[in-house]
Amino acid sequence: MSSDQKETINLDSLEPQQLAQVKKQLEEELEHLTASFAKLHGAQTKFKECLRCVQSRAADSKGSKSVLVPLTNSLYVSGELATTDTVLVDVGTGFLIEKKFKSAEKFYDSKVKEVGDNLKDLEGIIQRKQINVRAIEEGTSTSYLTGNTYRHSLMGTNLGNLTVLRQKILAAQSEG
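Following numbering that gives the first Met the number 0, the numbering of the sequence shown begins with 0 at its first residue and continues without gaps.
If you are wondering where the hints come from, they were derived from the structure by calculation, not from laboratory data. Quantities reported herein were computed from a predicted structural model and do not represent experimental measurements. Ideal Cβ placement from N, Cα and C applies to all residues, glycine included. Check before you lean on any hint, since a few could be wrong.
[To be verified] Below, in silico cross-link-like pairs of lysine-lysine (BS3-like), each with a Cα-Cα straight-line distance of 25 angstroms or less:
1. 45 x 110
2. 119 x 47
3. 47 x 61
4. 110 x 99
5. 64 x 105
6. 101 x 23
7. 101 x 61
8. 64 x 99
[Claimed, not checked] Beta-carbon label-pair distances, calculated as ranges:
9. 133 x 87: 26 to 32 angstroms
10. 9 x 129: 34 to 40 angstroms
11. 73 x 12: 58 to 64 angstroms
12. 84 x 31: 50 to 56 angstroms
13. 12 x 122: 40 to 46 angstroms
14. 27 x 81: 49 to 55 angstroms
Work out the full structure: start from the sequences and follow the hints.
Right under this line is the structure:
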């Protein structure tokens, strides 16, 4: 199935074991997405820190050439900058490029924005997955407790958007 297609599952047609399996799959996906969100947030924080460092160094570019060079997280040695009008920028996979301050600021600013956009997208996906899990929990408990046989369905990306299901469940609960 392509990622553009939606998968719909009628919850009434699933056995309790199958329903538990769908819920487990959604919870595993949610756990993976949450871990990815945390890693992306960490990357964004690092890019923001790099941007702050470049900006502070640009403001002091005519000042002191002496710096502390980190050897480890807790060990630094003093050093002298050979040039004060450029910085080395890590562009990924260990590649460093020498850039002027303005260019480095633009690079890090674009990275912060790009990762921020990805975080927003991922947050939406996580929220939909959480709604899916809650809908399964609410739907099964309501169905088992009240004996109602109204139709449940999961729709969206990889069992995705459950707004319609949530509305159906809430409507059925208010009717029953």
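Hint by hint, here is what the structure shows:
Under the criterion of a C-alpha separation no larger than 25 angstroms, the hint pairing residue 45 with residue 110 is consistent with the structure, at around 10 angstroms. Restraint check for residue 119 and residue 47: satisfied, since their Cα atoms lie roughly 17 angstroms apart, inside the 25 angstroms limit. Between residue 47 and residue 61 the CA atoms are separated by roughly 23 angstroms; this keeps the pair inside 25 angstroms, and the hint holds. Proximity of residue 110 to residue 99 is assessed by CA-CA distance (about 17 angstroms); at most 25 angstroms being required, the pair is judged to hold.
A hinted pair counts as satisfied when its Cα atoms are at most 25 angstroms apart, and residue 64 with residue 105 qualifies at roughly 23 angstroms. Taken as a hint, the residue 101 and residue 23 pair is broken in the structure, with Cα atoms around 49 angstroms apart against an allowance of 25 angstroms. Our distance criterion of 25 angstroms between C-alpha atoms is met by residue 101 and residue 61, whose separation comes to about 15 angstroms. Of the pairs offered as hints, the one joining residue 64 and residue 99 holds, with about 16 angstroms between alpha carbons and a cut-off of 25 angstroms not exceeded.
Distance hint for residue 133 and residue 87: a CB-CB separation of about 48 angstroms, inconsistent with the stated range 26 to 32 angstroms. Hint check: residue 9 to residue 129, Cβ distance near 21 angstroms, so the stated range 34 to 40 angstroms is violated. Evaluation of the 58 to 64 angstroms hint for residue 73 and residue 12 yields a pass: the beta carbon distance comes to about 59 angstroms. In this structure the hint that residue 84 and residue 31 lie 50 to 56 angstroms apart at CB is violated, the actual value being about 44 angstroms.
One distance hint, 40 to 46 angstroms for the beta-carbon pair residue 12 and residue 122, is violated here, with the actual separation near 32 angstroms. The given range of 49 to 55 angstroms is respected by residue 27 and residue 81, whose C-beta atoms sit roughly 51 angstroms from each other.
The structure fails to meet hints 6, 9, 10, 12 and 13 from the earlier list, while all remaining hints are met.
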